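Peer 1: Chain by chain, the residues:
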Amino acid sequence: MSRSALKGLPSDSKALLHTVGLVKMYQADGVSVEAVRGVDIDVGIGEFVAIMGPSGSGKSTLLHVLGGLEKASRGEIWLRGQRVDKLSTAAWALLRRRHVGFMFQFFNLLSNMTVADNVELPALLAGASPKQARKRREELLAELGLSDKASAAPARLSGGEQQRVALARALANEPSLLLADEPTGNLDSSNTRDVLRLLQRTHASGQAILLVTHDARVASMADRVINLFDGMVADDAPMLRIPRPVPSVRDVLELHG
Amino acid sequence: MRGTLRWTRADLRARRGQALLTIAVVAGVVAALVLSTMLLEGAVNPWKGLFARTRGADLVVYLSNAPGKETSELGTLRYVRTLDAYPAAPATLEQARGSVKSPVQLTAMPLTLPSISTPLVVSGTWLRKSAASGVVVEASFAAATHLRVGSLLKVENLDGTAQVGLTVIGIADTTDQGFYPQWTPGLIWAQAPVITKIEPKGGAQEEVVDFRLTSPTIAPTVIVDEIDNLYNFSPDSGNGLVVQRFYTPQQVENSMASNDRLIGLLLGLFGVIALVAAPCAIANVTAGRVLMQRQDIAMLKALGFTPGQVVRMLLAEQTGLGIAGALCGVVLARVMTSPEFVRPPDGTSVGLGTLPGSWVALIAVGTVATVAIATAIPAWWAGLVSPVAAVQASPPRGHLSRIARLGLLVHLPAALVLGARDSLTRRLPALLTVFGLAIPMVMITIALSCWSTIDGFSQDPARIGLVSALTVTPGSYTGSVPQLIRNVGTAYASSEYDTTLPSGSGTFTALAIGSSSGPRRFPFQVVSGQPYSRRGEAVAGQGFLDLMHLSVGGYTQVQIGSLLITVHITGRILDPDNNGDVLAFGQDTLQDQGVSPVPGYSVILKRGESPAAAQAELLRLSNNDLDVTLVPNPASSLGIVRVVVAVSVVILAVIGLASLLTATAIGLRDHRHETGVLAAMGLTPRQVMATLVVNTTILTFIGVSSGTVVGLVLAPRLINLQGQASGLGSGIAVGLSVVTVISVLFVALGIATAAALGMARRTMLMSDPAAQLRSPARPGPNIITTR
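Listed in order, the protein sequences are those of chains A and B. In case it helps, this note's numbering puts the first sequence at residues 1 to 257. In case it helps, this note's numbering puts the second sequence at residues 258 to 1044.
Watch out, some of these pointers could steer you wrong.
Claimed, not checked - Computed list of lysine to any residue pairs in SDA-like fashion (alpha-carbon distance at most 25 Å, straight line):
(1) A/Lys86 <-> B/Ser643
(2) A/Lys71 <-> B/Ala267
(3) A/Lys71 <-> B/Trp638
(4) A/Lys135 <-> B/Tyr319
(5) B/Lys411 <-> B/Ser390
(6) A/Lys131 <-> B/Trp638
(7) B/Lys305 <-> B/Leu262
(8) A/Lys71 <-> B/Ser390
(9) A/Lys131 <-> B/Ser643
(10) A/Lys131 <-> A/Lys86
(11) B/Lys411 <-> B/Val379
(12) A/Lys131 <-> B/Thr265
(13) A/Lys71 <-> B/Ala342
(14) A/Lys135 <-> B/Lys305
(15) A/Lys86 <-> B/Thr563
(16) A/Lys71 <-> B/Leu641
Claimed, not checked - Short derived list, chain B residues pointing at chain A, Cβ under 10 Å:
(17) Arg259
(18) Gly260
(19) Leu262
(20) Arg263
(21) Leu269
(22) Arg270
(23) Gln550
(24) Lys558
(25) Phe562
(26) Gln566
(27) Val645
(28) Thr730
(29) Gly732
(30) His806
(31) Gly810
These aren't lab readings, by the way, just hints derived from the structure by calculation. None of the values given here were measured: they were computed from a predicted structure. C-beta atoms are modelled at their ideal positions from N, C-alpha and C, and glycine is treated no differently.
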């Protein structure tokens, strides 16, 4: 078997996403820079994993490589038990349609399409009929509280609304894995709260999420936090959930002294 | 598939303005191509169009001995589908204002237009019951004899025994015979009673029969033989109808073929213009569209569009627009050339050839293919765009060049230096913008030069070899013609001889005029070499020199009548009349050899005297006995080129504007995000707007000026080349005046700057500089189409 079994990580059959010695190198001014150096991570089915690290640690690059937006320089990537690091651009595109949803820090909605079109496009791309796509879109927008904005142009929405539309678009095809790159990086605190609550709800319904953030608050919602530093995994630990004691009459009596 | 359709639909809806612009450009190009091809064909030979429109006869037969004989039996002949027969009588025309008698043929026609060889009425009306003595005159005859609707004429029969007064009520074209005076007699259609009045006895009367055969390829002699057999032709019996003569469409076509090759070549030039400008314009517009969608394309790939899908989608979208544009262009061309729109000047035949459907389809398909090819490279490039571009909007790559640093050092306005960055550092986009403007400007300059050349023809005819404005023959005037002419100008005795080339392969005109030296020497304006100064010397036109493979300074022998004459060619003249197939020398060169010249005079008018006024004056002084004709100026027939020039300039301006708008939009998109940074650095809003606009303005200036300069250099050479090729001779080109050039530059730059400023202002108003600082460089709503 692979090294992952020796490391005591969940076996391949349970891991949704699994990398071995992932390396990504860039050429900048004739010098090669390793943005990601030998990263081994796992994401289980339905697991919520956060990747944290200072700027320049390579977390965004890692996410791009995992989603096939960039090609890995070395190493293995296994998605749903299938090796994907050597796939062509076209094959990756087909894979992304069905199994990977993306959210970005700057929303990246298609500017020449309405909100409804934006959310329906992935479904149409995956082969759904226009009627099915419309039904799915109506469901998603209703869930996210955006039904009245269906025919608006993205530019007219607020940041929070745009990110919610982006979330709807990412979930349109019920992907196996949702990749989010600093989804709250461009939002104010109330919008951040809203988007995070939605992400939690999505996770609660069984969606696997891999999220990159520099915000500890955001990371604290995850099941597991991976810390990256200088392109390598510095720490990979589950979030401890300390059960809070149920408030009782005694606490109130104690407060009042 | 559904995904691509959805995106394409949304894109077209969102960028409606750009889509319409693309369609407009393609439509313009297709219409221009169709129009120039039709004009080219029509100018070179008007016969084809006219034949189709008038449903010309497959064979025209003139039978004599007609009255009382039945012609209906002709319908039973083999190969004859239908026929129309009309009585006709030969006569001579005496116009009210001249004593010149022209040979005419009066043909009796019904009040309803016939179905075979329908005369095409271009002015006035056809024969009417209310005008019993009204006649319709054939267009070329009317032009030659200056007849117009309302003119009065007197027609008398060959014996001079009967005369009829008639009024012209209409002018029409026909392909039954060629143009007068190459083809005589002139044709006049009248009602049957007029014929009877002219030829009551019917002795000289003929029957004109227009045949529609079962197949146009049947040899005419077959039909003629059959007619002869039908009437048991025997020269002595005098009982049967006799075929006097017959004409095939081919003969008429050959006769009508225009000698004016210059028109054809000039129009061909415009076809080339359309062919060159089209791909450039289309490529510019489509490349611009794709460039502006770079980030959206990256996002599509992140969503799961494969590169191949993206390429195919963009290609299909642009090709679809191209097809829509081509269809619009075909419709536009059809509308522009339909008879309802295009009425030729009174008395002239229609100048448009017909274009078979296959040609139109070829032009349309070719243009669509050009669109597809022009889109291919930007589309392929879009396929290569990395999906990561959606995530990280990389700023346009550039660096502050040495020149820019120098500029800042010498305290040039910061706005100017910063604004000019792109033109200095991003060479490829800058080059594309410059070319996108330079090429239309080159074409516009060439087109305007053609216009001014034609203007030169009419304003200064001497420049193109039309030194004399009138030709005069004595007619029935018995007095001294030169003395009479002295009232309006100077007379030079001249006579023309049609001469066969030594090789027998064609003819040229030998012109004996004035004397070889002294005051009676005709002042030819030579464009190269010297005018002749002695007997035995001559000047020649380009066409003659080409035919004889001679150059100025050579010697040649020509046969005039039965005499062989040797001449030394000392100079080259421009000759618009005979396509340059002319050799001119003093009359004494001929007298030497014993050939007495035919009496005739060329008149050089006094300064300020207009040809028409001089003609009227001479006729008045001679009591209408003199025969005075105006020398035709090619400018009149080149009028159609002016139309083409005007249309071309408009189309080229649209193409240039499209390139400009695209370039400006890209420039603004790339630098919008800097507005916040620049404001933070301390530039005032006006300076910020200036930086947005300066780049485009600099490139526009470079493009427009370089295009104009190249055009000014090329235009005279190209026009002279056309002149040379047509035989007229090189040297006809008239350059544009300084005022014109400056106005053109002014207008072009003015429009460009106004457009750029307008768009920049809208961008500034829409965007919030501070917000730009918070979010990364992303394209905002499309600048051209946002409502």
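Peer 1: If a hint holds in the structure, say so; if it does not, say that too.
Peer 2: To see whether the hints hold, each was checked on the structure:
no., hint, in the structure
1, A/Lys86 <-> B/Ser643, "holds, 17 Å"
2, A/Lys71 <-> B/Ala267, "violated, 31 Å"
3, A/Lys71 <-> B/Trp638, "holds, 19 Å"
4, A/Lys135 <-> B/Tyr319, "violated, 82 Å"
5, B/Lys411 <-> B/Ser390, "holds, 11 Å"
6, A/Lys131 <-> B/Trp638, "violated, 34 Å"
7, B/Lys305 <-> B/Leu262, "violated, 46 Å"
8, A/Lys71 <-> B/Ser390, "violated, 93 Å"
9, A/Lys131 <-> B/Ser643, "violated, 32 Å"
10, A/Lys131 <-> A/Lys86, "violated, 36 Å"
11, B/Lys411 <-> B/Val379, "holds, 23 Å"
12, A/Lys131 <-> B/Thr265, "holds, 18 Å"
13, A/Lys71 <-> B/Ala342, "violated, 86 Å"
14, A/Lys135 <-> B/Lys305, "violated, 63 Å"
15, A/Lys86 <-> B/Thr563, "holds, 16 Å"
16, A/Lys71 <-> B/Leu641, "holds, 14 Å"
17, Arg259, "holds, 4 Å"
18, Gly260, "holds, 4 Å"
19, Leu262, "holds, 8 Å"
20, Arg263, "holds, 5 Å"
21, Leu269, "holds, 9 Å"
22, Arg270, "holds, 8 Å"
23, Gln550, "holds, 8 Å"
24, Lys558, "holds, 6 Å"
25, Phe562, "holds, 6 Å"
26, Gln566, "holds, 8 Å"
27, Val645, "holds, 5 Å"
28, Thr730, "violated, 76 Å"
29, Gly732, "violated, 78 Å"
30, His806, "violated, 65 Å"
31, Gly810, "violated, 68 Å"
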